[in-house]
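Undergrad: In the order they appear, the protein sequences are chains Z and S.
Terminal number for the first sequence in the working numbering: 176, no gaps in between.
Terminal number for the second sequence in the working numbering: 260, no gaps in between.
Some chain Z residues judged to face chain S by a derived CB distance under 7 Å, without partners named:
id, residue
1, 11
2, 14
3, 68
Far from chain S, by Cβ distances over 10 Å, these chain Z residues were calculated:
id, residue
4, 126
5, 129
6, 138
7, 152
I should point out that these hints are in silico values taken from the structure, not numbers from a laboratory.
Think of the CB as a built atom: it goes at the ideal place given N, C-alpha and C, for glycine as much as any other residue.
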Amino acid sequence: MDKSRGIEVAVGLFVLLGVLALLGLAFQVSGLADWRPGGGYEVVARFADSSGLKPRAPVTLAGVRIGEVTAVEYDAERFQALARLRIDGRFRELPRDSSASIVSAGLLGEKYIALQAGGAYDYLKAGDEIQLTQSSLVLEQLIGKFLFNAGSGGGNRPPNRGNVGPPPEAGDPFAQ
Amino acid sequence: MLEPLAAIGRRTLTWLARLGRAALLLVALLREASIGWQRPRLVVEQLHAEGVHSLLIIIVAGLFVGMVLGLQGYNTLVHYGATGSLGWVVAQALLRELGPVVAALLFAGRAGSALTAEVGLMKSGEQLAALEMMAVDPIRRLLAPRFLAGLIALPLLTAIFSLCGVLGGWWVGVGLLGVDDGTFWGQMQAQVALGYDLGNSVLKSLVFALLVSWIALFEGYDCTPTPYGVGRATTRSVVHASLAVLGVDFLLTALMFTEV
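Starting from the given sequences, assemble the full structure and let the hints guide the process.
TA: Quick look at the structure:
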């Protein structure tokens, strides 16, 4: 009787472990729900183009991770993307006029949000919006622009070396 | 003169007869599976032998496979600056292929061989014949509970294997190589689909469980009842089960994941 009881307990434990592993895979790996403990505060930022930005992407300030993206939604009124950022509670004192830009880690790397601190004396609070934003850089658009410039002769100019370079040609509408 | 030809014919007929007996055994196993509801204790005992005793090798193997995946994936992805996708790579490789296949191979070596040897020894010790003499169906009393236990145990073992693999990959990627924790899980959760990846993983492991248990039980039940015969049957059980798992895996993958 005692031995078979041990077997039952071991089998029960095994089945429990297996079901827990299945649940763990469902929740943690396939992202059925996000049950990481909340904390910190949430701010929003609107971007004209948020291509490549995904939930849980890092939010960094000066290269240091200070939070993560919780959701990327569509703002039907402004035809823009609305990103919700959860900033860790340790970083309460972000200037109100900080700016956010979507950048990518490496050429093919994933997108994340880099914040640049502003100079204001009051700080971002929960629910505030970051006003200054820069959209994500879409490689195809960039190549398109470059090709367009090269085709119209702009790409053949000698590299601009600031004020020691040659003076811009007369009649160039894009001259500095 | 005709002897070689006759030998080929004899071998083919022997092989066909074996295939037929195997198919009949599978039908009988499925028919007698109702014993799981009548005497669940028998299934629980086999779950202990097949499942609980395979836990350690499954957990350790899963951890190491995941760690290797993390390391190799990182070394490749770092060339493209895409190490953030490491979690996705590890999880999808484990769920789609490595989890079901490696767990099934380990299961064939750890539990399948034991099943074959056990049943084969019962046969050579004439215990199966003794049961039949007492009007007890050995397929119902001995084989069906083992079959059912295999069907239950392997999907659970596969889930444990995959989870340990993900944790191993996480430890190497995030703990040792410095991939961002949020990106690791975020990319994984964004790319891995619950029904598609996890569902097909469970489906695969169910099919493999049926294959491995069926082959192991058949080899034991059909072995030549001598020490030599039992040894040969055990070897054949592991070899055939492993080959069947790998071959069927290709078929299943082609059916499940072709459109991606």
